[in-house]
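Got chain A sorted already, so can you dock chain B onto it with the hints?
For reference, the chains in residue letters:
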Amino acid sequence: MMHVAILQFLGSNCDHDTEYAFKKIGVQTTLVWYKEEKLPENIDLVVIPGGFSYGDYLRCGAIARFAPIMSDVISYANAGGKVLGICNGFQILLEAKLLPGAMRRNKNLHFISKFHHLKVENSDNSFLNKLSKEDIVHIPIAHAEGNYYIDEAGLKDLQANHQILLTYCDKDGKPSNPNGSVANIAGICNKEGNVYGLMPHPERAIETLIGSSDGMTMLKGFLK
Amino acid sequence: MKIVIDVFLKSGILDPQGKATEHALAVLGFEGVEEVRIGKQIVLNLATKDAQEAISQADAMAKKLLVNEVIEDYTIEPIQ
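Line order of the protein sequences matches chains A and B.
For the first sequence, our numbering begins at 1 and goes up steadily by one.
For the second sequence, our numbering begins at 225 and goes up steadily by one.
Excised from the complex, chain A in its bound form:
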């Protein structure tokens, strides 16, 4: 059975939602406290969930990035292990330099919490492989610092290596940018294709009854 480690920082608030979502697709989960120094043995994926680790002090994710568990997460990622960062988890991966770029305050300065459409830009990876390029998913966003920044050279690299996974769009797939992100970017991966980060919350879109189950389809990509 697939085994997922879900990190818990002081201030994580999507840890149990993420655990629930992965359990629902039949995956074994282990919650890992940030003060631990080693990830569990025999895991297939590390998820850094959303929330407000360390109260978002200094910069979102800047302090969490140095939490004791993170050195093992960085070694795991550098050895080719799969890591998914959602929202604050994405911010932590950026601060840890496991993904390129940085987050700024949303352009309109608001905390934006709503459903948004996203276009799949690349499904040829172990995250979004249950979807196809150009597919549109509808899942929640909830952040104040999701305004992704990367310089022009960096953006060209992302494009050349097909590292842009998801962009913000409207229901017809036309670009629609809620927060000011460069190139409407909502989610990316690293060059090697084993570290994924996105601001939207797939774990909050797993029941059609409460809006959408598109998030479930996304997370199922990790199933072997």
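Worth double-checking, as some hints may not be accurate.
[What the hints assert, rightly or not] Covered, in the sense of this in silico footprint (three residues per stretch, anywhere, with C-beta under 8 Å from a C-beta of chain B), are these stretches of chain A: (1) 56 to 63; (2) 102 to 110.
[To be verified] Calculated pairs, PhoX-like style, for lysine-lysine (alpha carbon to alpha carbon, straight line, at most 25 Å): (3) Lys288/B with Lys35/A; (4) Lys288/B with Lys97/A; (5) Lys107/A with Lys234/B; (6) Lys234/B with Lys97/A; (7) Lys264/B with Lys107/A; (8) Lys156/A with Lys234/B; (9) Lys243/B with Lys107/A; (10) Lys133/A with Lys171/A; (11) Lys264/B with Lys97/A; (12) Lys171/A with Lys23/A; (13) Lys288/B with Lys191/A.
Keep in mind that the hints were calculated from the coordinates and are not lab data.
We treat Cβ as the ideally placed atom computed from N, Cα and C, and that holds for glycine.
Just chain B, lined up with the frame of chain A:
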């Protein structure tokens, strides 16, 4: 030895707080404000009495944690 680190978004990177404040100043009738940039100030009280040593410690701290050089610039000033 006290050290002040000023951190600002790099020029050319949109500063939404600065923009909003710039707009508010214009609305209030303050003319000729060409740009507002808002940053943060970090004050360190370091054990060392040596200014050069304090600056070099603060610089290491800035690079490691206090500043994200992808989007931010910083200056370091010792306070006598």
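Flag every earlier hint the structure violates by its number, smallest first. 12
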